[in-house]
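Generate coordinates for the entire structure from the input sequences, incorporating the hints supplied.
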Amino acid sequence: MASPVIKNLQIELAQYLLRLKVGAGFVLVLGLILIARLVYLQVIKHEHYQALAESNRIALVPAIPNRGLIYDRNGRILADNFSAYTLEITVSRAGDLDALLSNISALIEITPRHLRRFRRLLEESHEFETVPLKSKLTDDEVAILAANRYRLPGVEVKARLFRNYPAGEGLSHVVGYIGRINDADLKLLKEEGRATNYKGSTHIGKVGVEHFYENQLHGRTGFDQMETDAAGRAVRVLSHVSPVAGNDLTLHLDLELQRVAEHAFGDYRGGLVAIDPNTGGVLAMVSKPGFDPNLFVDGIDPATWKELNESPDTPMVNRPLRGIYPPGSTIKPFMALAALELGLRKPHDAIADPGFYSLPNSRHRYRDWKAGGHGIVDLHKSIVESCDTYYYRLAVDMGIERMHGFLSRFGFGMKSGLDMQGESSGLLPSREWKLKRWNKPWYAGETVIAGIGQGYHLATPLQLAAATATLANGGTFYRPHLVKSIRDGATRAESSMPPEVVFRNAFKPENMQYVRHAMMDVMRPGGTASGAGTGAVYAIAGKTGTAQVVGIKQGAKYDERRIHERHRDHALFVAFAPAEAPRIALAVLVENGGHGGSTAAPIARAVFDYFLLGKKPAGIASLEENESAGD
Amino acid sequence: MNQPVIKRIATRLVRHVDGWLLALLIALLTVSTAVVFSASGQSAARMFGHLTNIALAAVVLISVANIPPHILAKAGPPLYALGVVLLLGVALFGEIRNGARRWLPLGIVSIQPSELMKIALPLMLAWFFQQREASLKLREYGLAALIILIPLLLVLRQPDLGTALLIGASGFYVLFFAGLSWRIIAGLGVVGALSLPLAWSLMHDYQRQRVMTLLDPSADPLGAGYHIIQSTIAIGSGGSFGKGWLSGTQNQLDFVPERTTDFIFAVYSEEFGLLGNVVLMLLYIAVVARGLKIAEHAPSMFARLMAGVISLNFFTYVFVNMGMVSGILPVVGVPLPFMSYGGTALVTLMIGFGILMSLATHRKLLKT
Chain V
0 MASPVIKNLQ IELAQYLLRL KVGAGFVLVL GLILIARLVY LQVIKHEHYQ
50 ALAESNRIAL VPAIPNRGLI YDRNGRILAD NFSAYTLEIT VSRAGDLDAL
100 LSNISALIEI TPRHLRRFRR LLEESHEFET VPLKSKLTDD EVAILAANRY
150 RLPGVEVKAR LFRNYPAGEG LSHVVGYIGR INDADLKLLK EEGRATNYKG
200 STHIGKVGVE HFYENQLHGR TGFDQMETDA AGRAVRVLSH VSPVAGNDLT
250 LHLDLELQRV AEHAFGDYRG GLVAIDPNTG GVLAMVSKPG FDPNLFVDGI
300 DPATWKELNE SPDTPMVNRP LRGIYPPGST IKPFMALAAL ELGLRKPHDA
350 IADPGFYSLP NSRHRYRDWK AGGHGIVDLH KSIVESCDTY YYRLAVDMGI
400 ERMHGFLSRF GFGMKSGLDM QGESSGLLPS REWKLKRWNK PWYAGETVIA
450 GIGQGYHLAT PLQLAAATAT LANGGTFYRP HLVKSIRDGA TRAESSMPPE
500 VVFRNAFKPE NMQYVRHAMM DVMRPGGTAS GAGTGAVYAI AGKTGTAQVV
550 GIKQGAKYDE RRIHERHRDH ALFVAFAPAE APRIALAVLV ENGGHGGSTA
600 APIARAVFDY FLLGKKPAGI ASLEENESAG D
Chain D
0 MNQPVIKRIA TRLVRHVDGW LLALLIALLT VSTAVVFSAS GQSAARMFGH
50 LTNIALAAVV LISVANIPPH ILAKAGPPLY ALGVVLLLGV ALFGEIRNGA
100 RRWLPLGIVS IQPSELMKIA LPLMLAWFFQ QREASLKLRE YGLAALIILI
150 PLLLVLRQPD LGTALLIGAS GFYVLFFAGL SWRIIAGLGV VGALSLPLAW
200 SLMHDYQRQR VMTLLDPSAD PLGAGYHIIQ STIAIGSGGS FGKGWLSGTQ
250 NQLDFVPERT TDFIFAVYSE EFGLLGNVVL MLLYIAVVAR GLKIAEHAPS
300 MFARLMAGVI SLNFFTYVFV NMGMVSGILP VVGVPLPFMS YGGTALVTLM
350 IGFGILMSLA THRKLLKT
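Residue numbers (numbering that gives the first Met the number 0), protein chains in the order written: chain V, 0 to 630; chain D, 0 to 367.
These are calculated hints, taken from the structure and not from any lab test. Owing to the predicted nature of the structure, the values given are computational and were not obtained by experimental measurement. Watch out, some of these pointers could steer you wrong.
Here's a subset of chain V near chain D, in silico, CB distances under 10 Å, partners left out [as the list claims (entries may be wrong)]:
id, residue
1, Leu-16
2, Ala-50
3, Glu-53
Below 25 Å or equal to it, Euclidean Cα-Cα: the simulated BS3-like pairs (lysine-lysine) are [said to hold, decoys possible]:
id, chain 1, residue 1, chain 2, residue 2
4, D, Lys-292, V, Lys-20
5, V, Lys-20, D, Lys-136
6, V, Lys-433, V, Lys-414
Ideal Cβ positions, reconstructed from N, Cα and C, are used throughout, including at glycine.
Structure (structure tokens):
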């Protein structure tokens, strides 16, 4: 009875023990699978995961270098940095942006200008970037924002270095400005392999010295190698590479001189470039009107931008660098020198000036500016009285090719090589040029008017100043230069930029002397700029010029009073002083200023008086007063 | 005067403790305490909490070990019935946490009935087979399958695929040790494989996501893949000998998620390396070996089934957790036995091992 049950039990027990073994085998197999997986991860792929763990925990945090400062020749600051708090918003974390903005406006003052600028920057930036809403927060504003931080998602108050241009409008075109790095800047940085040095940088030089010397000013970005946790918080610093501050720049420019020049322009538009003829250093570079470069540092709001861009006064145009004008009669000293050097005229060769010139076999009259003419005119008188007829004829005798060749030796028709981006090369016409550009032959009449700096010939005030400096120093063309010296950001060692000779002309001293004396007489009674020369205790050598804005019909008369203000002639003046041992050479252009002698030359006189005598005109505040009165 | 009383109580308590198992559990829990301390960012409070849990679990272990097997067997049906009722309660009134209805609010405490089922189902099945020991036919296995399917489907509905599979596995282990024929096992395997596409179509999106994440964690590195990526980096960067206790960068810098609980193995692996892993694996296998040894000598059907199921279940948890953390199984919420921080799981485990010890020690007592 019992035996089958027992036997059955025993079979079952044996079966059970077998299944225990199967179970044990199952466990061992699973255990081996796990161990195999762990060997794969920890031995075979160990290096791979080791590297991943390292990159997980180590973050490079850029340390932004201080941007180099810019000084004038006397150590006055032209661009400096200051630290201020800004209110910035990360849009991706802000949620409802409009609600956030209205919450912020309820706490601190947000002007429509702030909002417009914010909207524009928003369009240009990426979603996860922080965009500044308001900069230069007051201490009270920082406190209010900190207290309300919990209900302002995505809002950060950051301490940032700002660029400040104490000289404001006056130096906007020289110093330029920095602005936020945009996509185009970033692309360029990447192409030039400089992008890593801009990790963490938000601004870059956009125009002027700030742009041209970007590599000097920016400095080298440092890095903190930080250990970070999963939330990205820094736990400790593993290694630290200090940033190296950018190099400081000292310009040849004299801030006071610049201000005197600007003041002398009054309400006129125009440009002025003053150069040290012995080095090529730019002492003053005025473009009127200017703009406040500080507007651009945190991004400009669209309305102001539009206003600046569409103003008929074109404040954004750098006139000395990019404004091209017919040189007019300021070309005559160069033509006179050419006549002597090329042996086309002897000093005392004279002509009888009937008040016009006609080409052989032509009845067309090229008129002198003085109806009835200047009588008997020699080379000296042609400069002093600016006789057109003399130069019409001289030009025809010289021919356009020789004229082109000689004027090239003063840098006309080519970029001067100033250390600034965007220079215009002007235009010095030739047969070859005309054929290439217009596919037309050169006409004799075009040579006639070229003799008095009209027609195709176009020059920038910078070119005129550089040419005048070359005339002043006896024929050496120095590359015009803004930066005088560079101080290394790390070592503080000052290295000066040596004057750079582009080419030397071997002119005969007696010819140079002849032209110089004639130019000196321009400033004396009987000369076209005698008014501006009155009472000068040093000798000035100058030449007036007038550039036509609209052509005057044959037989018509130019009447300043009946012509629209913007159609009036541009007034020009080139000069250097002291005439026998020049320390400063300049070119002045006054747009729609009429006669060079009456509007442009007095500006030059004011500049000379300050530079050579330290005489400051009444009504110009000293810098210190200005600083305390401003902001 | 008190001395003999205390001594008598102590000997009575210790009499039902299995020395081998106790030694292995102490070894595992010592390692666990060190790792929890490291994983919690060296939090003394967390370590104290862990030690409190261990103390509580030890009381449970010794208490359960002192319950004779025949009483344990009798507890099967009522516990199972209670479990099913609670699961039904969850389905009807349960709280939704993390998108699944798993918790039952009972006044001040909330309980997770599926946790109870992990013990109640094997007890119920072992009791059932003990009752029908003399006449095991296909009908009995069919009834057993029904006993398994009721809680399984209820848990699956919550939805909690991971726990449902573990409950299903424990039920299957009972059937397996109860002598389910190989032919049927093979048949179940084929049906299971064929029904995979159907299961896929019935899965919730987050479940499919987990499977997809397993196949390619890098497809969603900041979302679902993040856990697996970071834990495999932790394990892999640990290398052969580990970065040393308290020195795992993935752990200390917070890259490993859930690092005191479900992902504690990543922390251990990073700091102790492959060598530590092999030691840990040997400890686990030793526990299983001891459990199977107890099963081998178990005197009754109930004891044999329970001892076998508890041992295999234990290793199943180990395998599922390690497999998940090392990236060969999908992410399911299973803690690593005796390592992860967490009172409930530890108590559940200790109930199982208490039963095992009871089976081991009461057998000797019966013999003498």
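These are the hints, each one checked on the structure:
Taking 10 Å as the C-beta contact cut-off toward chain D, the hint placing Leu-16 of chain V at the interface holds, the least distance being around 7 Å. The interface hint given for Ala-50 of chain V holds, since its Cβ lies 8 Å from the closest Cβ of chain D, which is under the 10 Å cut-off. For Glu-53 of chain V, the shortest C-beta to C-beta distance to chain D is roughly 8 Å, which falls under 10 Å, so the interface hint holds. Between Lys-292 of chain D and Lys-20 of chain V the alpha-carbon distance is near 10 Å, which keeps this suggested pair within the 25 Å criterion.
A distance of roughly 23 Å separates the Cα atoms of Lys-20 of chain V and Lys-136 of chain D; the hinted pair therefore holds under the 25 Å criterion. Distance check on the hinted pair: Lys-433 of chain V and Lys-414 of chain V sit about 19 Å apart at the alpha-carbon level, within 25 Å; holds.
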